[in-house]
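Spelled out, the chains give:
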Amino acid sequence: MPQLPSPGVDLGGDLLARIGAFATQLAAAREREEVGRRRTLRGDGQEFVGYRPYRPGEDLRRFDWELLARLDRPYVRVHRSEAREDWWVAVDASASMGVGRPGKLQSVAEAAAASIAVGLRLGAKITLVCSGGESARRPVHLTRTAELGRGLASLESLRATGRGGLEDLVANRALRAGARGCGRLLLFGDLLDVDPADVLRLLGGRRRLHLGQVLAPEEWDPAAVGDGDNASAGASAFVDPESGLRRRAGQDLVRGLDGYERSLEAFVGRWSELAAAHGMSHRVWSSADAFERFLPDLLR
Amino acid sequence: MAMGLMGWGLLSPMALVALGLPLGLILLSARRQRPQPVALGTARFFDEQGDAATSRRRWRVSGARWWAAAAMTLGVLAAGRPQPEEEDGAVYLLTAHVDRSPSMFLPADPTEPGGELRIDQALRLTSSWLTSLDPSTERAAVRWRAVEPGGVDVVLDAGEEPPRALRQVPRRRAVPPRWGRLTAPGAIFVTDQSPPSVSREVGVFASGGAAVPGPVAIGSGGLLDWGGRDGAPLVERAAETPIRVFISPDLPAPLIGLADLWAAERGFPVGGSDEGAALSVRTADPRGDTEAGPGSTAGRDGWTAAFRAVVTRRARGEGGWRPWLSAPDGPALVWARSGEIEVAFREVTPAASTAEAFALSWARLFDSHLQPPPEVVALDERRGAGAPASRGPQLASAMDPEVLSRRAGRAARGRRVELVLLVGAGAAGLLAFALRLRGSP
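Going down the list, the protein sequences come from chains A and B.
Heads up, the first sequence is in the numbering used here, so the first residue is 1 and it goes up one at a time.
Heads up, the second sequence is in the numbering used here, so the first residue is 1001 and it goes up one at a time.
Heads up, a few of these hints could be off.
Claimed, not checked - Derived Cβ-Cβ restraints for the label pairs, each shown as a range:
1. B:1422 - A:15: 32 to 40 Å
2. B:1005 - A:221: 42 to 50 Å
3. A:289 - B:1005: 57 to 65 Å
4. B:1019 - A:272: 42 to 50 Å
Hints are computed from structural coordinates only; laboratory data are not their basis.
Backbone N, C-alpha and C fix where the C-beta goes; we use that ideal spot for every residue, glycine too.
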């Protein structure tokens, strides 16, 4: 079995700053979008958040007359909703997530961390579950922004190993029961081992399902493995790190690539169609992509 | 040039050691290209094409590395300085000037009169040095040249023996060479006494030798013997063979009378044949079958005379002949060399006022051209010749110009090839660099 190139997670460097900026930006945009809607995360709750310009047609009870007198401009008061939403964030940490440079596990850990930060910023209660090892049996619950570090530590302790991926999570009855009451369910992984039927069972009520699917650069283009103009010269075979399945490369690679690309396209397309058909949010990206690029669409 | 291929060799074959660099690069690349299985979560999307275990190790090297190796190889070959390999003929041209003056034929050891002569010893020293040259690196051709006019002049390989003719006593006495005029690159002086100042590029092989006592001149009563030490009086003794003078009867009457008087004064008998005479005075046209030209008036040493029936004498500059008297309009009237005097006129009338100078002048001519017997050797020549000397010429300056020219041509061809190799190496290097920039490892 070949060694996995990126089995671990490193959330150091400027990632925390990026996550903070991203969460602030996305939460502000989300608040702007939803403040006028009746069914929002934010409503007429008790916790005062701030002011925003008055829009014609709004409830005059939220109008701030004092500010109008002082500034000669109409503003309304904004309060955080008392009914907090539950978010479940599930991360695939199976062996196949250790593929790629940067690895897929690193990519979904960053995306999950940023999502958690956004959720906490929006007042959601977060439950983080990860496949594989101890993490699967010990969900991490986060309720305040100050607890973000605990979530990051949990993500950073992940290692891509074993065969148990998202399928283990979505097929687990106990976990399914726990996630039943949540408003949003975010699944991060390569979705290679997940049965779509098990995912559909997670739908129900007003729950929104977000499918974040990551693939490594070499999974997008296996010919890129190797030496520049002599691409794939360095690979004699491709091995599935979970099942041990081997496929010969070498001189047959070019011929085999056509079939591979067709199969991969069909696989990704099936998830997109499934998501569209059942009102799920689905985004697929390369592990080399920054989370700022795809996460806003995924969380929409 | 230790290594050669297809007529080409390398001046610096050690540069080939650097071929290990491109070879190492190729081997290293091949080693690095050893294929490795790659983890791919989507491996299942490849169609089944057989067991990967059958994959073979591939010895593929990227284009950039091939070109880099080619650049290095070309560079190394250029550093080896290629040149065409061709056989040169004689590489050095040497000229051995052999002194054949009478002293060279004196015995090397005066106590052994029948032993080795000075010329034998000098030639032996010369041959010894020539045969010591390594034919593979110092191949030389030697022009053996006797210094007397009309003497031996042959070119032989350095390994060959000098011509035997050089050891034979010349028919006419040779004068000691003027070495300064013979100094040239590749010159070798073969003599008995090393010249006092000789250029370092010239080789000198001198036999040396002690003083050799013996007759040094002809006296009125015979030969004058030198005892071997300067300052001691010369002893007169009778010559073993009489000193005879031949005066041709067809000479103009004034000359016959003058020559007879001179011979009588010196005590030399007159008569016999031309052969073996110590001095032969004759006409240039003894049979008188040459048509005589117009007369002429000429003179020297303060006398003048009218010459009639002047005949045209063949110009014989070679063989030691020198004109002694010439007419104002050109033709020589009297030719002389050691032991021989030839006149080119049939009648002569000395001016009465200069008759005394006429007689004195001719007597000096006879004296100076009297050839003594072979055993008479000048005192200067009988003196000791010092120690033997043996010094080869500077070979570098004696290179055969043709060989130099051929070598220059080969060097130029080599430089052109070197340039082509360097340009090729540069182009291959640039190509390798460009491929590297494009992503080839």
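We went through each hint and held it up to the structure:
1. B:1422 - A:15: 32 to 40 Å: Taking Cβ atoms as reference, residue 1422 of chain B and residue 15 of chain A lie about 53 Å apart, which means the hint is violated.
2. B:1005 - A:221: 42 to 50 Å: 47 Å, holds
3. A:289 - B:1005: 57 to 65 Å: 58 Å, holds
4. B:1019 - A:272: 42 to 50 Å: Violated - the Cβ-Cβ distance for residue 1019 of chain B and residue 272 of chain A, about 58 Å, lies outside 42 to 50 Å.
Figure legend: structure checked against the earlier numbered hints; hints not met, in rising order: 1, 4.
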